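Engineer: Sequence:
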Amino acid sequence: MTQCQQDAQQTEHVDGERVSMSDKEMEMSPSQGVRINAEVEVLDRSTLLTLAGPSNEHIRLIARVLGIESGIRGNTIFLAGEADRVALGERCLAEAAQLIRSGVVLEAQDYARGAQALRDEPGVTLRELFEDVVLITPRRRPITAKGLAQKRYIQAIRSHDLTFGIGPAGTGKTYLAMAMAVHALLERRVKRIILTRPAVEAGERLGFLPGDLAEKVNPYLRPLYDALHDMMDPDKAQGLVARGQIEVAPLAFMRGRTLNDCFVILDEAQNATSDQMRMFLTRLGYASRSVVTGDVTQIDLPHGARSGLAEARDLLGGIEGIALCSFTDVDVVRHPLVQKIIIAYERRDAEKAQSRSDGTRSSDSRLEPRSIDAQASAGSPSSDRQ
Numbered sequence: 001m002t003q004c005q006q007d008a009q010q011t012e013h014v015d016g017e018r019v020s021m022s023d024k025e026m027e028m029s030p031s032q033g034v035r036i037n038a039e040v041e042v043l044d045r046s047t048l049l050t051l052a053g054p055s056n057e058h059i060r061l062i063a064r065v066l067g068i069e070s071g072i073r074g075n076t077i078f079l080a081g082e083a084d085r086v087a088l089g090e091r092c093l094a095e096a097a098q099l100i101r102s103g104v105v106l107e108a109q110d111y112a113r114g115a116q117a118l119r120d121e122p123g124v125t126l127r128e129l130f131e132d133v134v135l136i137t138p139r140r141r142p143i144t145a146k147g148l149a150q151k152r153y154i155q156a157i158r159s160h161d162l163t164f165g166i167g168p169a170g171t172g173k174t175y176l177a178m179a180m181a182v183h184a185l186l187e188r189r190v191k192r193i194i195l196t197r198p199a200v201e202a203g204e205r206l207g208f209l210p211g212d213l214a215e216k217v218n219p220y221l222r223p224l225y226d227a228l229h230d231m232m233d234p235d236k237a238q239g240l241v242a243r244g245q246i247e248v249a250p251l252a253f254m255r256g257r258t259l260n261d262c263f264v265i266l267d268e269a270q271n272a273t274s275d276q277m278r279m280f281l282t283r284l285g286y287a288s289r290s291v292v293t294g295d296v297t298q299i300d301l302p303h304g305a306r307s308g309l310a311e312a313r314d315l316l317g318g319i320e321g322i323a324l325c326s327f328t329d330v331d332v333v334r335h336p337l338v339q340k341i342i343i344a345y346e347r348r349d350a351e352k353a354q355s356r357s358d359g360t361r362s363s364d365s366r367l368e369p370r371s372i373d374a375q376a377s378a379g380s381p382s383s384d385r386q
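Position 111 of the sequence shown, counted from 1, bears residue number 111 in UniProt numbering, the numbering being contiguous throughout.
No lab work stands behind these hints, which were simulated from the structure alone.
Since we're looking at a predicted model, the values are computed, not measured.
Some hints could be false.
[As the list claims (entries may be wrong)] 30 Å max Cα-Cα, derived DSSO-like pairs, lysine-lysine:
| id | residue 1 | residue 2 |
| --- | --- | --- |
| 1 | Lys-352 | Lys-340 |
| 2 | Lys-352 | Lys-236 |
| 3 | Lys-151 | Lys-191 |
| 4 | Lys-236 | Lys-191 |
| 5 | Lys-340 | Lys-151 |
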């Protein structure tokens, strides 16, 4: 009997979950290696129902991420597939059950993100991901990391004075930054929160718009207000805004200021020009922290103008005290369709870029013979006679 088979015969109890395998349930596939069947028995019925989810959705999400098969009968969850992936599935189920019993509320997509995190980073645990609460909303909903990328982002904001969060929409860049800012204000670690965006739609020429400042900038900064009201009681938020402890303003209004004891967030930074980005980054004062968020694939600047965010990413990456955090489509935490939509558009953009590249090469190849012919004609006797 091999050591692997000896290990597989063992039965392990993990905090109420019984995990068992037998050598009869093992087979060898030349292409996939050792395949096993495993059982995870959850003794507490309430925990099992929460863990499995409606129509066993949570278990299926975990299995899909790990590339294994799953099923459930009675109090037992069955897993089948490659040994290392099944082991991850067992671990994910056991850790999720522990969180459920300790009162942590997991959403459906948290199970998929948790399995993905365990797969990509073996050293991480689900408790580290989902029990690190950034802020409790007025509706008693905890704001936590929704995956490994968000976990690293939160850690970067905590340990760096300047953090860049760059990636597609829906990855939680701005929302988490604002949660960190609100927490810092409530804990009196900073005296003010400043939220800003480039008002590209108005070309930052706000003097040409009718009405007072609030009326002018409101349409461009509304998303920041919405997120703020999601994290604080609206009346309390309005009081803090009225007292100047929370300021929401367009990027143009940051010029000439020094921001001390502040938590400053620049959102939609891909639409800041190089000069604007430089101006903003040099506003940072003593005891302040800044987070810059944006998506360099969604630039609305005039054609030919380089994004200040893209430039800052290239220039500042190696400076101590500055963190660069990248997100991809797999980190999207909005409706599951958003991830698919982003992938579809990225594929379209890649095809367009490839088509333009092919067209340029084709044009060059057509021009090259004509250039050679022209040179030959210029050097021919008939050309000399002309």
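Engineer: Holds or violated: Lys-236 and Lys-191, Cα atoms, limit 30 Å.
Structural biologist: 15 Å, holds
Engineer: With the threshold set at 30 Å, check whether the alpha-carbon distance from Lys-151 to Lys-191 stays at or below it.
Structural biologist: 25 Å, holds
Engineer: Take the C-alpha atoms of Lys-352 and Lys-340, compute the straight-line distance between them, and say whether it is at most 30 Å.
Structural biologist: Distance ~18 Å between Lys-352 and Lys-340 Cα, so the pair holds.
Engineer: Given the hint that Lys-352 pairs with Lys-236, does the C-alpha gap stay at or below 30 Å?
Structural biologist: 48 Å, violated
Engineer: Given the hinted pair Lys-340 and Lys-151, is their alpha-carbon gap at most 30 Å?
Structural biologist: Measuring from Cα to Cα gives roughly 23 Å; hence the hint holds.
Hint 2 from the earlier list is the only one contradicted by this structure; the remaining hints agree with it.
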